[in-house]
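**Q** In the order they appear, the protein sequences are chains S and G. Residues in the first sequence are numbered from 250 upward in steps of one, following this note's numbering. Residues in the second sequence are numbered from 9 upward in steps of one, following this note's numbering.
There's no promise every hint is true.
[Claimed, not checked] To give an idea of the interface, some chain S residues facing chain G are shown, with a C-beta separation under 8 Å as derived from the structure: (1) T287; (2) A303; (3) Q371; (4) Y389; (5) F390; (6) R393; (7) V419; (8) L423.
[Claimed, not checked] Each computed DSS-like pair below joins lysine-lysine, with the alpha-carbon atoms no more than 25 Å apart: (9) G:K691 <-> S:K296; (10) G:K220 <-> G:K138; (11) G:K154 <-> S:K392; (12) G:K183 <-> S:K285.
[What the hints assert, rightly or not] Ranges between beta-carbon positions, derived for each pair: (13) G:I758 <-> S:P421: 36 to 42 Å; (14) G:L759 <-> S:S456: 50 to 56 Å; (15) G:K742 <-> S:I417: 37 to 43 Å; (16) G:S602 <-> S:K363: 47 to 53 Å; (17) G:I758 <-> S:W396: 21 to 27 Å.
Read the hints as simulated data drawn from the structure, not as lab findings. Heads up, the beta-carbon is just placed ideally off N, CA and C, and yes, glycines get one too.
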Amino acid sequence: MDEVESRYLNIVIFKDGELKLLQFSYENEDYISPIKTTVEGKVPSLKEYTDDWALNTIIHVDGGQYIGFVRNDGSFAVHNVPPGSYVFQAVNPDFDFEPVRVDVNSKGKIRVRKVNYIQSSQVEVVPHPIKFRLRGPINYFQKRETWRITDMLLSPMVLMMVLPLVVIGVLPKLINTQDPETQKELQNQMSNMPKYDMPDLSEMFTSLLGGSTKSTVKSKGKRRKD
Amino acid sequence: MAASTCILNFVKCLIILFFVNVSLALYADQVGKFDWNQKLIGKVKYALFDHSTHSSKRIVVATEENVIAALNSKTGAILWRHVFEKTSVGIVHALYNVGNDVVTLTGGGNIIRSWNSATGVLHWESVASKSTATDNPQSLLMLEKKTLVVLTSDTVFAVGLATGKIKWTAEVPNKDTVVYKHFYTDLDNLYLIGTVEGSHVTIATISLETGKVKLQTQVPASWVLLSTTCKMLQSGRLICFEPRMKYLYSLQPPSGDQFVPTALSDVMGQLMVIKDVSFTDLHADSVGVQVAPDHHIVITVDASGQAKLVKDLPQVFGIDNLSGEVIWQKLIPGIVPFQQLGKETLPLFVLRTTAHFPHPPEYAVLGKHKATGNGLLDVFNPITGRCMTREVIQLNYRVQHVSQLAQHDADFVRPVIFVDTNKLIHVYPETATDVLMEAVAHNYLFSADADTGVVTGYRMSLTAEKGFTSEPVWSVILSKDTQRITNVVAKRQNEHVHSQGRVLGDRSVLYKYLNPNLVVFTTEGQDDQEKSYVTLYLIDVISGQVVFSANHQRAKGPVNIVHSENWVVYTYWNQRLRRHEVAALEMYEGRTQSNTTAFSSLAPPPTPIVERQAYILPYTVVAMTTTITEKGITNRHILLALADGGILDLPKALLDPRRPNTPTAEHREEGLIPYMPEIGAPKEMIINYNRSVFNIDAIYSAPAGLESTTLIFAYGLDLFCTRVWPSKMFDVLKDDFDYWLISVVLTALILSSIILQKMAARKQLHAAWK
């Protein structure tokens, strides 16, 4: 009977109760002397980028609470880790690695999972020993904008200004208007075009603004009289 | 629908974040242009010359800052460095040179690591898992440096130094009664020397090959205590110091069966008070006594924007903020720091800035005298470091409280006032009593006692018989048995607030609650179920009114706080969700301002409206501060020193508790960024780029002469100094300003106008002649 109960407990622990158990052992760290575990893993080699990558890469556990050092082959170990849940991070000033969360239970069993700060109960297990994934070299700087003539010429504003100029300036020269044949052809085209009954713009404006211009003149006249 | 708006928000956020990033980042060619950093190692504990075959130009050191480093013996430059844990886990207990490797003992005596002394890369490491950590593990190299034997409080073990394999582990005999602190060896055997308080000394003989205990002998020593300082000399002789009668006892094990006493006065001559003794080997068979000095850091910045680092007690340093070069350094004899909330502090005051020519600038450092405990004040010129008085001023009372007045005297010195244990008030300079007289009516003092948890406010008064005194007017008890005060953060005295309110989306104004007397107190403790909590109190220290308090259940420190204008930003560890969080709170008076001319704590406005929000921090913050500028017009940024070595420059707009979950048009009008739970650390916002700084204690910020610029100085194990422009360089030409282009254009315009003028004149002349 006891055995069955404990098995049942184990299942619950595995599903989502483990966090509670871990929490328990974590909070009571000072009171019971817990088993201390060594957590091992590997950092991908950066030999192709720099020579002293192994020296400059360290493993921070919860922001340096525990620290691991990297050997030439990229392997590392963090010793004396008491039960709890920790974020392991490979720290290198020039390269970015994806951190992982490591849960160590009170028996010293290790589970590695992806870091999810927002939904911390969500478990996405990754294999143990830890294999850090390189996200890539870090770029701390922004690019300075350099002035190049092509940038200016290809900007939309310039294109908008220059192309019509080309059309106006160059196209008439391409078609020789002095040639009598082409002149004739153009005239023919003009005469063939249907004539729309378009009101003259200038007339339209004068008729529209006529009244108002008169009135302003009048008012000015009045003022002068005063 | 909800999902789509969520995604939309996210995208908007990304866009805004991207925009913010771009405006902040450095350009690659600005590296080292206005910043400098110094990688340091701390006070050296162990040092050895590297005997490896490659080179003999290296010195390998281990320090009290838990650092091991290799130094170039000619230049002193750091060739490589490793920073261990800041806690007791990282203490380096021993350093050995074995072949081409350097061997260290850390982790309370059970982690042995071997480092390649040329490259600094870890060669092998080994952990004695059965051995528990101890404060003072002992270790010895044996068998022609092929084996390292380590003694901790409960075990003794041997490690092969070729591969790092643990050869044997043995429990020490009678570990419950006997305390083993020393051991030595001959060719075959290991001798452990243990003490039983007030009774005898035990010598256990252990086989070097197998780790088996062969023999145990006892030497009577009734004087021996657990705290007795002993030293094993290289010859195998054990020397112990007995402080009560000042006797040195020596024993030559294993043959010697009796301690030989020698009165210390015979050895040392006249000795006054022996407080702490440590032994050092002079020769194989003699002993020296040494006293270790202390080590502390303080920093300040003067008004002209010149950062002055005042560092290390009893030493004070002046450092050039442009290059990081040490300009001067001085010793203040006999000075020790004060204890404040468990931390050691050495208050530093700017009495007079450089702005009052021909008066020289004046700074002061206050400490206490090592022997008497009375106050010790050193007034010096920050430019030269020279003492301005004839000698260091010895105050004839114990200083309980110190603060600086806002007013200055006729010589432009802002006086410092000291409250002694009898609550009497003293002032420096003594001639400034008239300033104090004026200040008495409207200046108040407060004190927070970490032991009792009582915060008390005092009023100052002038009595005929006693002179200036202070009397308590209010007190707030913050600490029950379960919690204790961990932080007290007031606003900076020299802070200027430019804008009295905040314009909302509907063009109305939300007035800020700008109480200059507001102080943040935090307490940490555990509730009935032994769950940790953090509480934050905002107390008006003139009236004693608790303006606001917030409690975070299942949260833990360390709490970093920034307190400025009408807002407080603080970080804590969320124990339940196992992540760091940052909370921002802002206080507002409302749509109307009760007193438009000045703030009065004695006639306070109604309780402020407090807006607050918390965010997730996916990194560990070790220190935090805010930018400060001369007029307060420039945007505020928060600077966070991260555990991974970066210094993050975060716009305050990201920590704005008004960030909406579902942004409306009004929110957009107000310029609010939609809420996102996580505040990341984009690498473009790391102002010290790949020059990582570790174990930072604090960041100091100071306004520069230009409104746009704040000077930043981060200090701890490493130093880093730079400038930041929270609103970009709006009052300075950018450093990529094209001087060449603008001068060419200008000269071309001037030339063409002259030529055209001449041409026009000529044309007019021609026209006139026609």
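**Q** Hint by hint, say whether it matches the structure.
**A** Status of each hint after checking the structure:
1. Checking T287 of chain S against chain G by beta carbon gives a least distance of about 6 Å; that is within 8 Å, so the hint holds.
2. The closest approach between the C-beta of A303 of chain S and any C-beta of chain G is roughly 5 Å, which is under the 8 Å cut-off, so the hint is satisfied.
3. Violation of the interface hint for Q371 of chain S is found here, the shortest Cβ-Cβ separation to chain G being roughly 12 Å, above the 8 Å cut-off.
4. A distance limit of 8 Å between C-beta atoms decides the matter here; for Y389 of chain S the minimum to chain G is near 4 Å, and the interface restraint holds.
5. At its closest, the beta carbon of F390 of chain S sits 4 Å from a beta carbon of chain G; the interface hint therefore holds under the 8 Å criterion.
6. Contact between R393 of chain S and chain G, as hinted, is supported at the beta carbon level, the nearest pair being about 5 Å apart and thus within 8 Å.
7. With its C-beta approaching chain G no nearer than about 28 Å, V419 of chain S sits outside the 8 Å limit, and its interface hint is violated.
8. Proximity of L423 of chain S to chain G is violated relative to the hint, the smallest CB-CB distance being about 34 Å (cut-off 8 Å).
9. Taking the CA atoms of K691 of chain G and K296 of chain S, the gap is about 23 Å. The hint holds against a cut of 25 Å.
10. At most 25 Å may separate the alpha-carbon atoms for a hinted pair to count; K220 of chain G and K138 of chain G meet this at roughly 16 Å.
11. About 54 Å separates the Cα atoms of K154 of chain G and K392 of chain S, which puts this hinted pair outside 25 Å; it is violated.
12. Under the criterion of a C-alpha separation no larger than 25 Å, the hint pairing K183 of chain G with K285 of chain S is consistent with the structure, at around 21 Å.
13. The supplied range of 36 to 42 Å is met by I758 of chain G and P421 of chain S, whose beta-carbon atoms lie about 38 Å from each other.
14. Between L759 of chain G and S456 of chain S the Cβ separation comes to about 52 Å, which falls inside the hinted range of 50 to 56 Å.
15. Between K742 of chain G and I417 of chain S the C-beta distance comes to about 39 Å, which sits within the given range of 37 to 43 Å.
16. Judged by the Cβ atoms, the range 47 to 53 Å given for S602 of chain G and K363 of chain S holds: they are separated by roughly 52 Å.
17. Range check, I758 of chain G to W396 of chain S: Cβ separation about 23 Å, and the 21 to 27 Å hint holds.
Checked against the numbered hints above, the structure breaks hints 3, 7, 8, 11 and satisfies the rest.
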